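Asker: In the order they appear, the protein sequences are chains A and B.
Residue numbers are given in my numbering: position 69 of the first sequence equals residue 69, and the series is strictly consecutive.
Residue numbers are given in my numbering: position 47 of the second sequence equals residue 47, and the series is strictly consecutive.
Do not rely on the hints blindly, as some may be mistaken.
Unchecked claim - Output of the computed footprint for chain A on chain B, the stretches with three or more beta carbons under 8 Å from beta carbons of chain A: (1) 40-50; (2) 98-108.
Unchecked claim - Computed Cβ-Cβ distance ranges for the label pairs, DEER-style: (3) Lys58/B to Gly85/A: 39 to 45 Å; (4) Asn41/B to Ser27/A: 21 to 27 Å; (5) Glu52/A to Glu16/B: 49 to 55 Å.
Just so you know, these hints were derived from the structure itself, not from any lab.
Every value quoted in this text rests on a predicted model; they were computed, and no experiment measured them.
Glycine included, each C-beta is placed from N, C-alpha and C at the ideal position.
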Amino acid sequence: DTGVSQDPRHKITKRGQNVTFRCDPISEHNRLYWYRQTLGQGPEFLTYFQNEAQLEKSRLLSDRFSAERPKGSFSTLEIQRTEQGDSAMYLCASSWENTEAFFGQGTRLTVV
Amino acid sequence: AQSVTQLDSQVPVFEEAPVELRCNYSSSVSVYLFWYVQYPNQGLQLLLKYLSGSTLVKGINGFEAEFNKSQTSFHLRKPSVHISDTAEYFCAVSDRDSSYKLIFGSGTRLLVRP
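Chain A extracted, bound-state conformation (with noise of 0.2 Å):
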């Protein structure tokens, strides 16, 4: 297993075009996490899945975000309507229960 798998690593997109980063979990793992994080900032939670179940979002996922998970394994995250304040890393991370979760090299967003 290479661990976590972040798709694609950069992506310049325009002000209001729809983008979907996706991300592969360490095979075994059955939650999986979505973290964004900006410059100079600590990671901030988003959203997370249990299998193919999304037990919780953050308040920072407006509507224009969406997260699936549809399988229980790969995940996908969509931004609708991009804004310039949705520049930032996405990360994405995965776990077996509550352990220590392992992160991916994350995609890095900008819209311009």
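With chain A held as given, fit chain B onto it using these hints.
Answerer: Same frame as chain A, but now just chain B:
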């Protein structure tokens, strides 16, 4: 509600000197504590974790941390740093009440000078 405070935004230190990065947390229940390291344009790598048991935790790359419940602290230490330790370090806490999601501090940039 949980929170994590990393008071030092940047810590400059000379190579081979010791270093301590401070972390204080607030939580009303039993906690799990973590230190992660982040190199530029990379994800986070786990350095060490405290789940239970011994309060002195040893991690990778020669780092260690001590859990102090009375002071609600989990400071990270290394007796002799290398240039390659230059990175951003994040302290994080999780507990049952937060469904074990990680709450991060704002990070401390360790800058190791030759």
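Asker: Compare the structure with each hint and give your call.
Answerer: Hints and how they fare:
| no. | hint | in the structure |
| --- | --- | --- |
| 1 | 40-50 | holds (count 7) |
| 2 | 98-108 | holds (count 9) |
| 3 | Lys58/B to Gly85/A: 39 to 45 Å | holds, 40 Å |
| 4 | Asn41/B to Ser27/A: 21 to 27 Å | holds, 26 Å |
| 5 | Glu52/A to Glu16/B: 49 to 55 Å | holds, 50 Å |
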